[in-house]
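Enquirer: Each chain, letter by letter, is given below.
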Amino acid sequence: MTSHTPRLTPRFRMQWEEAQQAWVLLYPEGMVKLNTSAAEILKRCDGSRDVPALVADLENAFGASGLESDVRAFLEVARQQQWVAW
Amino acid sequence: MGGLVIPTARPGPPLWLLAELTYRCPLHCAFCYNPVDFARTSADDELDTEAWLRVLNEARAQGSVQCGFSGGEPLVRDDLEVLVAEAHRLGYYTNLLTSGVGLTEDRAEALKRAGLDHIQLSFQDTTRELNDFLSHTRTFDLKQKVAHTIKANGWPMVMNCVIHRLNIDHVDKIIEMAVALDAEYLELANSQYYSWALLNRDQLLPSREQIERAERITNEYRETLGDSVRIFFVVPDYYETRPKKCMNGWGNVFLTVTPDGTALPCHTARMLPGLTFPNVREMSVGEIWYESDGFNRYRGDGWMSDTCKRCPDKEKDLGGCRCQAFMLAGDAAAPDPVCDKSPAHRVVRDAVARAQLPGKVSSAPLIFRDPKTSRQIAP
Ligand code: SF4
Ligand code: SF4
Numbered sequence: 008m009t010s011h012t013p014r015l016t017p018r019f020r021m022q023w024e025e026a027q028q029a030w031v032l033l034y035p036e037g038m039v040k041l042n043t044s045a046a047e048i049l050k051r052c053d054g055s056r057d058v059p060a061l062v063a064d065l066e067n068a069f070g071a072s073g074l075e076s077d078v079r080a081f082l083e084v085a086r087q088q089q090w091v092a093w
Numbered sequence: 008m009g010g011l012v013i014p015t016a017r018p019g020p021p022l023w024l025l026a027e028l029t030y031r032c033p034l035h036c037a038f039c040y041n042p043v044d045f046a047r048t049s050a051d052d053e054l055d056t057e058a059w060l061r062v063l064n065e066a067r068a069q070g071s072v073q074c075g076f077s078g079g080e081p082l083v084r085d086d087l088e089v090l091v092a093e094a095h096r097l098g099y100y101t102n103l104l105t106s107g108v109g110l111t112e113d114r115a116e117a118l119k120r121a122g123l124d125h126i127q128l129s130f131q132d133t134t135r136e137l138n139d140f141l142s143h144t145r146t147f148d149l150k151q152k153v154a155h156t157i158k159a160n161g162w163p164m165v166m167n168c169v170i171h172r173l174n175i176d177h178v179d180k181i182i183e184m185a186v187a188l189d190a191e192y193l194e195l196a197n198s199q200y201y202s203w204a205l206l207n208r209d210q211l212l213p214s215r216e217q218i219e220r221a222e223r224i225t226n227e228y229r230e231t232l233g234d235s236v237r238i239f240f241v242v243p244d245y246y247e248t249r250p251k252k253c254m255n256g257w258g259n260v261f262l263t264v265t266p267d268g269t270a271l272p273c274h275t276a277r278m279l280p281g282l283t284f285p286n287v288r289e290m291s292v293g294e295i296w297y298e299s300d301g302f303n304r305y306r307g308d309g310w311m312s313d314t315c316k317r318c319p320d321k322e323k324d325l326g327g328c329r330c331q332a333f334m335l336a337g338d339a340a341a342p343d344p345v346c347d348k349s350p351a352h353r354v355v356r357d358a359v360a361r362a363q364l365p366g367k368v369s370s371a372p373l374i375f376r377d378p379k380t381s382r383q384i385a386p
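Residue numbers (our numbering), protein chains in the order written: chain A, 8 to 93; chain B, 8 to 386.
To be clear, the hints were calculated from the coordinates, so they are not data collected in a lab. These numbers were taken from a predicted model, which means no experiment stands behind them. It is possible that part of the hints are untrue.
[As the list claims (entries may be wrong)] Here are some of the chain B residues that sit facing chain A, going by a computed Cβ distance under 10 Å:
(1) L60
(2) N64
(3) Q127
(4) A159
(5) P163
(6) C273
(7) Q383
(8) I384
(9) A385
(10) P386
Backbone N, C-alpha and C define an ideal beta-carbon position, used for all residues, glycine too.
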């Protein structure tokens with residue numbers, strides 16, 4: 008999946024919910040409350056960057072390193088849930 | 008959605024707002040979930056546009072994020088587009104629950120422009136001839152037109168069909184109809200025995216054999232259809248030994264506002280005796296949710312009978328459904344009689360036993376929902 012650019016699928020909408028102090032994914036008659044790391048990854052799934060770029064962006068933003076395997080694992084789950092596609 | 012009710016903590020926000028815009032409906036479903044006395048609410052009693060706009064704003068400010076527009080038939084209201092547009096502007100995810108009657112191309116386009124996110128199209132028994140329901144060309148033509156309109160506007164095609172004794176043996180035809188209409192999701196939901204469906208329970212409750220057969224057929228279709236249609240099959244809770252966690256907990260996630268503005272923790276709760284529910288004309292959504300007696304009454308576990316209070320499963324189902332407890336055990340604080348620990352479980356067992364008899368269980372005619380019948384039953 009190295010060269011692929013993950014993006015949120017049109018069925019899901021992501022937004023910040025003040026009352027829940029959380030990012031959520033909204034879909035027909037349902038909602039998923041996201042934890043911070045899931046939200047940070049999904050925010051960057053806009054089809055503009057591939058996974059290495061996404062990882063680099065995250066590591067840069069949070070001054071971290073070695074995030075790649077976690078990000079890939081999350082994206083795999085997110086794809087199974089059809090939140091993202093590539 | 009949602010978590011457990013913790014008795015002492017402040018409840019979470021009303022994440023789900025269900026706006027029952029009207030009880031008016033061109034159809035006459037024998038399983039209709041509107042209250043049996045719905046005809047007491049006339050069109051004149053309905054909240055007007057301005058009141059609904061205020062409800063949408065107040066609920067959003069309290070954290071509501073999913074908004075369902077239902078009825079009756081919500082398309083009967085000609086301000087639906089205005090309400091959807093406001094809900095969309097406020098940041099709700101907007102859902103329309105409709106039979107499709109009245110969803111012309113023009114209205115669909117207007118709803119799309121207003122920002123409607125999702126339509127759930129239900130199959131209903133549109134004619135009084137139940138056998139006609141599936142073969143009736145008018146029904147099919149209408150659904151086909153509506154399905155086409157929904158697709159053309161880029162909405163996912165989500166179909167819902169209420170299943171019962173009289174149509175469950177045609178589950179294959181229902182699935183094929185959904186495939187022909189290009190549905191992405193199909194919910195085959197067994198009727199729940201409230202309101203009109205309770206009046207008709209003996210005629211509507213399927214036998215165990217019928218349910219097993221329908222589930223088997225559904226599974227076969229799932230295999231051949233793969234991911235192209237996702238099919239959900241919901242068994243009637245009468246066939247369970249533990250109740251459902253009704254509404255995900257009383258006053259925990261769901262806020263229903265009825266056509267006349269009464270606020271309810273679930274759309275059938277108005278039947279419960281000794282409780283008054285607030286009206287959005289008189290109280291703000293925040294006060295209703297956090298402070299009204301109606302919403303606080305069955306939160307936590309203080310209200311529970313000893314059977315539930317001492318039960319290790321109480322966190323799982325919160326004692327089940329208050330309305331079902333009232334309807335079947337005569338006490339809204341009793342355990343839901345679906346539970347086999349309930350002293351009133353026999354009522355459910357007897358209904359299930361009757362449902363195993365072959366053919367017609369009751370010689371009484373089906374009672375179809377309509378205003379005249381409603382006024383006769385509940386003058
Ligand atoms: S269940 Fe049938 S009759 Fe009742 S509101 Fe829905 S479409 Fe109308
Ligand atoms: S006794 Fe009450 S809490 Fe326990 S499983 Fe039955 S309904 Fe639920």
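Enquirer: Please check whether A385(B) passes as an interface residue: C-beta within 10 Å of a C-beta belonging to chain A.
Expert: At about 30 Å, which exceeds the 10 Å cut-off, the nearest Cβ of chain A leaves the hint on A385(B) violated.
Enquirer: Double-check Q383(B) for me: the hint is only fine if its C-beta lies closer than 10 Å to a C-beta in chain A.
Expert: Where the cut-off is 10 Å and the nearest Cβ of chain A is about 35 Å from Q383(B), the hint is violated.
Enquirer: Does the CB of C273(B) sit less than 10 Å away from some CB of chain A?
Expert: Violated, because the Cβ-Cβ distance from C273(B) to chain A comes to roughly 15 Å (cut-off 10 Å).
Enquirer: Take the shortest C-beta to C-beta distance between N64(B) and chain A; is it under 10 Å?
Expert: violated (14 Å)
Enquirer: Using 10 Å as the Cβ threshold, decide whether L60(B) counts as touching chain A.
Expert: Hint on L60(B): violated, closest Cβ of chain A at ~20 Å, above 10 Å.
Enquirer: Against chain A, run the beta carbon of A159(B) and see if the smallest gap drops under 10 Å.
Expert: Not OK, violated: A159(B) not within 10 Å of chain A, min 15 Å.
Enquirer: Is the hint on P163(B) kept, meaning its closest Cβ partner in chain A is under 10 Å away?
Expert: holds (6 Å)
Enquirer: Does P386(B) pass the interface hint, meaning its C-beta sits closer than 10 Å to a C-beta of chain A?
Expert: This interface hint is violated because 36 Å lies over the 10 Å limit.
Enquirer: Would the stated hint for Q127(B) survive a check requiring a Cβ distance to chain A of less than 10 Å?
Expert: Hint holds; Q127(B) Cβ to chain A Cβ min 7 Å, cut 10 Å.
Enquirer: Given I384(B) as an interface hint, is its Cβ closer than 10 Å to any Cβ of chain A?
Expert: violated (31 Å)
The structure fails hints 1, 2, 4, 6, 7, 8, 9 and 10 (numbered hints given earlier, in ascending order).
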